[in-house]
Amino acid sequence: MAETSKTLCIVNKNYDDLYFINHVINIYIAPVDSCIIKVATDGTTRGGILGRYRTEEETKVAYSMLINGIELGRTVFRMPSDEEVKIKINSIPAKKQRHITGKKTKGHGAS
Numbered sequence: 023m024a025e026t027s028k029t030l031c032i033v034n035k036n037y038d039d040l041y042f043i044n045h046v047i048n049i050y051i052a053p054v055d056s057c058i059i060k061v062a063t064d065g066t067t068r069g070g071i072l073g074r075y076r077t078e079e080e081t082k083v084a085y086s087m088l089i090n091g092i093e094l095g096r097t098v099f100r101m102p103s104d105e106e107v108k109i110k111i112n113s114i115p116a117k118k119q120r121h122i123t124g125k126k127t128k129g130h131g132a133s
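Numbers given in the working numbering equal positions in the sequence shown, counted from 1, plus 22.
Don't take every hint at face value.
Label-pair distances were calculated between CB atoms; the ranges are [unchecked claim]:
#1 Y37 x S113: 23 to 29 angstroms
#2 D38 x T66: 16 to 22 angstroms
#3 K28 x A116: 15 to 21 angstroms
#4 A52 x K28: 15 to 21 angstroms
#5 L94 x A116: 24 to 30 angstroms
#6 I89 x L40: 14 to 20 angstroms
#7 D104 x T67: 25 to 31 angstroms
#8 I47 x R76: 39 to 45 angstroms
#9 Y50 x P115: 26 to 32 angstroms
#10 N112 x G65: 23 to 29 angstroms
Think of the hints as simulated: they come from the structure by calculation, not from any bench.
For each residue, glycine too, the CB sits at the ideal point set by N, CA and C.
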């Protein structure tokens, strides 16, 4: 029986482009406009934009979701929508705030 290898495909946020991971050279957040995730290919196909997001934070979360999908070995990864990114951001626990010196901030509430 022939072994079938699964090739990961990435569908861009607008659902109008599909990229096979075996043709991808680089996936990166654009340095000029940090709200865009771009893909560079090996020349057998053109590169393009995987997604545009509203803020740098949203872009980084979407990029993290993409990397997680690749690590999990999914066959098809669809770039997350703005709403999916917002839900993901809201599910991340807030970091405890500390003073610039590293000391815990004082609570001024009653105990």
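Quick rundown of the hints versus the structure:
| no. | hint | result |
| --- | --- | --- |
| 1 | Y37 x S113: 23 to 29 angstroms | holds (24 angstroms) |
| 2 | D38 x T66: 16 to 22 angstroms | holds (19 angstroms) |
| 3 | K28 x A116: 15 to 21 angstroms | violated (37 angstroms) |
| 4 | A52 x K28: 15 to 21 angstroms | violated (29 angstroms) |
| 5 | L94 x A116: 24 to 30 angstroms | holds (26 angstroms) |
| 6 | I89 x L40: 14 to 20 angstroms | holds (18 angstroms) |
| 7 | D104 x T67: 25 to 31 angstroms | holds (27 angstroms) |
| 8 | I47 x R76: 39 to 45 angstroms | violated (27 angstroms) |
| 9 | Y50 x P115: 26 to 32 angstroms | holds (28 angstroms) |
| 10 | N112 x G65: 23 to 29 angstroms | violated (40 angstroms) |
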